[in-house]
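Peer 1: Sequence:
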Amino acid sequence: MSNWIARLLLIILLAGWQGAWAETGLSAVPEADAEEAEALRQMQVAPSRGLLFAVSKNGQTAYLFGTLHVGKAEFFPLDLTATQAMVQSGELVLELDASQIDKMQAGLQRYAMLPPPQTLDATLPPELKQRLHTRLDALAIPRASVQTLKPWMATLTLTVGALKQQGYGFEYATEFYFTGIAQALNKPVTELEGIGYQFQLFDSIPLRDQLVYLEESLGYLEQAGMQADTQALIDAWLASDAAALQQITLKSYQHAPRSAPWIKQKLFSERNQRMAAKIERMLGEGRTPFVAVGALHLTGVDGLPALLEKRGYRVTNLYP
349 MSNWIARLLL
359 IILLAGWQGA
369 WAETGLSAVP
379 EADAEEAEAL
389 RQMQVAPSRG
399 LLFAVSKNGQ
409 TAYLFGTLHV
419 GKAEFFPLDL
429 TATQAMVQSG
439 ELVLELDASQ
449 IDKMQAGLQR
459 YAMLPPPQTL
469 DATLPPELKQ
479 RLHTRLDALA
489 IPRASVQTLK
499 PWMATLTLTV
509 GALKQQGYGF
519 EYATEFYFTG
529 IAQALNKPVT
539 ELEGIGYQFQ
549 LFDSIPLRDQ
559 LVYLEESLGY
569 LEQAGMQADT
579 QALIDAWLAS
589 DAAALQQITL
599 KSYQHAPRSA
609 PWIKQKLFSE
619 RNQRMAAKIE
629 RMLGEGRTPF
639 VAVGALHLTG
649 VDGLPALLEK
659 RGYRVTNLYP
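Mind the numbering: the sequence shown is residues 349 to 668 in our numbering, read in order.
Accuracy of the hints is not assured; some may be wrong.
[Stated by the list, open to error] No farther apart than 27 Å at their CA atoms in a straight line, the calculated lysine-lysine pairs in the DSSO-like style are these: (1) K477 to K420; (2) K626 to K535; (3) K599 to K612; (4) K599 to K420; (5) K599 to K512; (6) K599 to K451.
[To be verified] If you anchor each label on the Cβ, the simulated ranges turn out as follows: (7) Q466 to R622: 28 to 36 Å; (8) A625 to D557: 24 to 32 Å; (9) T467 to A654: 37 to 45 Å; (10) T467 to N665: 22 to 30 Å; (11) V393 to T664: 22 to 30 Å; (12) P668 to D485: 28 to 36 Å; (13) P668 to G632: 38 to 46 Å; (14) T507 to Q595: 16 to 24 Å; (15) P605 to D551: 20 to 28 Å; (16) N534 to A608: 37 to 45 Å; (17) V649 to D551: 26 to 34 Å; (18) P463 to N665: 31 to 39 Å; (19) P464 to T664: 49 to 57 Å; (20) L598 to Q390: 30 to 38 Å.
In case anyone wonders, no lab produced these hints; they're calculated from the structure.
All C-beta atoms in this analysis are idealised placements derived from N, C-alpha and C, irrespective of residue type, glycine included.
Work out the full structure, taking the sequences as your base and the hints as a guide.
Peer 2: In structure tokens form, the structure reads like this:
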């Protein structure tokens with residue numbers, strides 16, 4: 349994040365004390381140049397995007413922001429409410445810090461790669477292999493690029509390719525926006541899980557279930573309505589519509605009836621319980637975290653806001 353953005357964030361942070369500074373006869377806020385003023389204007393007029401909650405108890409407050417792991421440049425900047433909440437927090441807490449490239453690569457090598465000389469094609473029935481090749485070609489993903497991957501990682505690669513084909517990139521993930529703010533203000537960035545933990549979850553899936561996951565995902569990607577469903581999910585995020593996010597997600601499970609049970613249990617319910625416990629521990633230690641995790645972790649009865657409310661926290665939706 350450039351220096352002018354860091355200075356702009358300082359302007360935003362100091363704006364709340366403008367009146368007090370004026371009484372002392374000091375300059376209240378550094379004067380913004382044209383570029384900074386335009387960026388501030390964009391934040392002021394930006395609609396709410398994603399989900400944002402304040403969680404408090406005994407004078408301690410954390411913020412929960414529901415992110416989108418892909419995006420477009422036009423999604424930014426986020427609004428002042430979310431940006432100021434991040435600026436005023438003591439640290440940024442993510443599922444994982446994707447800026448740590450070495451850890452990402454190490455996790456990939458340890459958990460996502462087939463043991464040599466095994467290949468992905470050799471693990472697949474002929475019909476499934478042909479369907480995989482057809483979809484890879486349609487997404488302009490080289491067939492050779494997935495041959496060393498375990499089936500679960502190949503499935504994620506297809507998903508990434510489909511999102512990219514719709515114009516969404518991981519370089520515009522919401523997490524990077526908040527990471528830029530944290531770095532500009534020298535705030536620590538910590539992880540709730542880490543790449544190793546997330547990869548282990550997928551790697552613990554038996555091979556037969558990985559093949560089912562690949563088959564069901566291919567079936568969904570082959571359907572004409574898949575892109576519309578993806579766009580509806582992103583539109584719900586853009587509209588800060590938690591109910592729609594939940595409904596679209598539940599509908600998507602219909603396309604993966606055999607994989608849905610472990611997806612709901614392993615990827616959401618168990619992880620959410622673990623995250624809620626860690627957030628509670630942070631607040632108990634007197635920390636003031638801004639927790640930015642995938643928006644689907646903030647919806648439904650098993651979502652983080654509901655779980656923390658059950659633990660006695662006051663939860664306020666800042667995007668009602």
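Peer 1: Would you mind marking each hint as holding or not holding in the structure?
Peer 2: Verification of the hints:
Using a Cα cut-off of 27 Å, the hinted pair K477 and K420 is violated, with the two alpha carbons roughly 32 Å apart. Of the supplied pair hints, the one linking K626 and K535 holds, its CA atoms being roughly 19 Å apart against a limit of 27 Å. Distance check on the hinted pair: K599 and K612 sit about 13 Å apart at the alpha-carbon level, within 27 Å; holds. Restraint check for K599 and K420: the C-alpha separation of about 25 Å stays at or below 27 Å, so the hint holds.
For a cut-off of 27 Å, the pair hint linking K599 to K512 stands: about 22 Å separates their Cα positions. Restraint check for K599 and K451: not satisfied, since their Cα atoms lie roughly 34 Å apart, outside the 27 Å limit. As the Cβ distance of Q466 to R622 is approximately 32 Å, the hint placing it in 28 to 36 Å holds. Separated by about 27 Å at the C-beta atoms, A625 and D557 satisfy the suggested range of 24 to 32 Å.
At roughly 44 Å, the beta carbons of T467 and A654 sit within the given window of 37 to 45 Å. Range check, T467 to N665: Cβ separation about 49 Å, and the 22 to 30 Å hint is violated. At roughly 24 Å, the beta carbons of V393 and T664 sit within the given window of 22 to 30 Å. Distance hint check for P668 and D485: the Cβ-Cβ separation is about 46 Å, which falls outside the suggested range of 28 to 36 Å.
Roughly 28 Å separates the CB atoms of P668 and G632, a value that falls outside the hinted 38 to 46 Å. Judged by the Cβ atoms, the range 16 to 24 Å given for T507 and Q595 holds: they are separated by roughly 20 Å. As the Cβ distance of P605 to D551 is approximately 23 Å, the hint placing it in 20 to 28 Å holds. One distance hint, 37 to 45 Å for the beta-carbon pair N534 and A608, holds here, with the actual separation near 43 Å.
Evaluation of the 26 to 34 Å hint for V649 and D551 yields a pass: the beta carbon distance comes to about 28 Å. Checked against the hint of 31 to 39 Å, the pair P463 and N665 fails, with Cβ atoms roughly 47 Å apart. Between P464 and T664 the CB atoms are about 52 Å apart, so this pair conforms to the stated range of 49 to 57 Å. Roughly 34 Å separates the CB atoms of L598 and Q390, a value that falls within the hinted 30 to 38 Å.
Hint check: violations occur at hints 1, 6, 10, 12, 13 and 18; the rest are consistent with the structure.
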